[in-house]
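Protein chains in written order, with numbering that gives the first Met the number 0: chain E, 0 to 267; chain P, 0 to 158.
Since the hints were made in silico from the structure, they are not lab data.
If we take Cβ atoms under 10 angstroms as the criterion, some of the chain P residues that face chain E in the derived model are: (1) A18; (2) K56; (3) T107; (4) T125; (5) S128.
Note that CB positions come from ideal geometry on N, CA and C, so glycine has one too.
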Amino acid sequence: MIAGGHSLLPMMKLRLANPELVVDINDLEHLAYIREQDSEIRIGALTRHYQLLESEPLARHFPIFADAERVIADPVVRNRGTIGGSLAQADAAEDLSAVCSALKASVVIAGGGGERVVSMEDFHVGPYTTAIDDAELLVEIRIPVRPGAGSAHAKVERRAGDWAIVAVAGGLWLDGETIADAGLALSAVGLTTVHATRAEELLRGKRPSEELFAEAGAIASEDCSPSPDGRGPVDYKRHLAGELTKRALRRAAERARAGTTPGGHTWR
Amino acid sequence: MEVTININGEPVTREIEPALLLVHFIRDTPGLTGTHWGCDTSNCGACVVQMDGLPVKSCTVLAAMAEGHEIRTIEALSIDGVLDPVQQGFHEEHGLQCGFCTPGMIMTARALLDANPDPTEDEIRTAISGAICRCTGYSNIVRAVRWAAEHEAAQPRRS
Numbered sequence: 000m001i002a003g004g005h006s007l008l009p010m011m012k013l014r015l016a017n018p019e020l021v022v023d024i025n026d027l028e029h030l031a032y033i034r035e036q037d038s039e040i041r042i043g044a045l046t047r048h049y050q051l052l053e054s055e056p057l058a059r060h061f062p063i064f065a066d067a068e069r070v071i072a073d074p075v076v077r078n079r080g081t082i083g084g085s086l087a088q089a090d091a092a093e094d095l096s097a098v099c100s101a102l103k104a105s106v107v108i109a110g111g112g113g114e115r116v117v118s119m120e121d122f123h124v125g126p127y128t129t130a131i132d133d134a135e136l137l138v139e140i141r142i143p144v145r146p147g148a149g150s151a152h153a154k155v156e157r158r159a160g161d162w163a164i165v166a167v168a169g170g171l172w173l174d175g176e177t178i179a180d181a182g183l184a185l186s187a188v189g190l191t192t193v194h195a196t197r198a199e200e201l202l203r204g205k206r207p208s209e210e211l212f213a214e215a216g217a218i219a220s221e222d223c224s225p226s227p228d229g230r231g232p233v234d235y236k237r238h239l240a241g242e243l244t245k246r247a248l249r250r251a252a253e254r255a256r257a258g259t260t261p262g263g264h265t266w267r
Numbered sequence: 000m001e002v003t004i005n006i007n008g009e010p011v012t013r014e015i016e017p018a019l020l021l022v023h024f025i026r027d028t029p030g031l032t033g034t035h036w037g038c039d040t041s042n043c044g045a046c047v048v049q050m051d052g053l054p055v056k057s058c059t060v061l062a063a064m065a066e067g068h069e070i071r072t073i074e075a076l077s078i079d080g081v082l083d084p085v086q087q088g089f090h091e092e093h094g095l096q097c098g099f100c101t102p103g104m105i106m107t108a109r110a111l112l113d114a115n116p117d118p119t120e121d122e123i124r125t126a127i128s129g130a131i132c133r134c135t136g137y138s139n140i141v142r143a144v145r146w147a148a149e150h151e152a153a154q155p156r157r158s
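Take the sequences, apply the hints, and build the full model.
Here's what the structure looks like:
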C-alpha cells in the first residue's frame, strides 16, 4: 500500500522493501478527514501531516499534534505524508505513534470481513510490524475526548526535520488539581514506541508538581531501552528521556489548567 | 503501464516502468530539465514541483501516482519571457549562486506566497526548511522571497 510514500519509496530505493505489487490508495479521498464524533476525535488514515497541523479541532483538544507536526520532517514532506502511513510504518523513532499512544488512541483496521478496533498497545507488535493482516487496511485513528485534558510533545533532534534523538509525548487529564489519568510514550528509545506505563501509574491520583514530573521522568528514563548510535550514547539518551518527560508533562499540565488553546496553525 | 500526467497544462502520455519516479518522468519525456534530481532521499528539495498547487518532492512520488493530477514545474512560471516575481526576486537579491537548488526553492516559495502573500522571515525560513542550499547561506533567498512578496503587493500578479 502506498499513501504519502515517504517511508515506502525510500525503503524501496534502499532495497529494504521489494514489493511485487504496490497499490496506490491516494484516490480513497474519503479517508482524509478530522471530525468529532461520539466523544472522540476521528482521523482518517489518509489525512496528511499538514492537515493535522492546521486542524482547529485538534489544536483545541490535542495541541500535542501541532507540537509534533512542526518537527516532523519539513513542510513539503508534510504535504504528502499521512498519519496512517506514519503509524503503519511502526518505526520506533516516529513521532505520531508516541502521540497516539499517549492519548490512548485506538485504530480501526478494515478488511473483507468488516472492521476491528485495536488499541495502540496491540497495534504495534514489533519493529516495523503491526496488527494489520494481509488484505486489511488501516482506515481510522480514534482518540477519546475526556475532560481536563492537556497534552504536549517534546523532541530533541540533531538538525531541523530529522528523526528524534529522543522524543516524549505526554497527556494529562486533570480532575480539579488531581491527575485523573496520564499517558506517556517515548520515541527512538526502544525497538518500538515505548509506553511508559510505570510512570503513568505513578502520576495517577497525584497533584501535578515539578517533583512528581521529575520522578516520572526518572522512571521513564529507567524503563526505556535506547541503543547507542550516531545520534548519541545510551546515557545521553536516558538523560534526554527523563528531561523531555518533565518538559512534556509540565506543558501538558499548563495546558490542562488553561483549558482550551488557540486555533489551527498554518505553516506550509 | 501507460500513464498520462498533466504537466504545465499539457497532458503527457508515456509507457513507463511502474517504479518510475515523477522527477524522471518530468525530465525525460517532455524534457523539462528545470526540475533537478538531487539527493533522491526527499531531503534536499531540488526536485520540488507543485502537485495540485501543493509543493511536493518529485523524487518521492511515483509517476503513476501523479496520473490525473496537475503538475506545475519551474518552466511554467515565466510567461512570455516575463519572470515570475519570485524568479525576479532571486535575480534582484542574488538568491542563487550555482543554481542547483533554485528551481525547488522557487517552486516552494511560490506556493508559500500563494497561500500567504505577506510572510515573515520566520515563515519563509520554515517554508523552505525542506530545501538545502550550499551556496547562499539562505539570507539572500529569504530576501528574494520578501522582494517578491513586496512587489506582488504593489502590483497584483496575473493569474
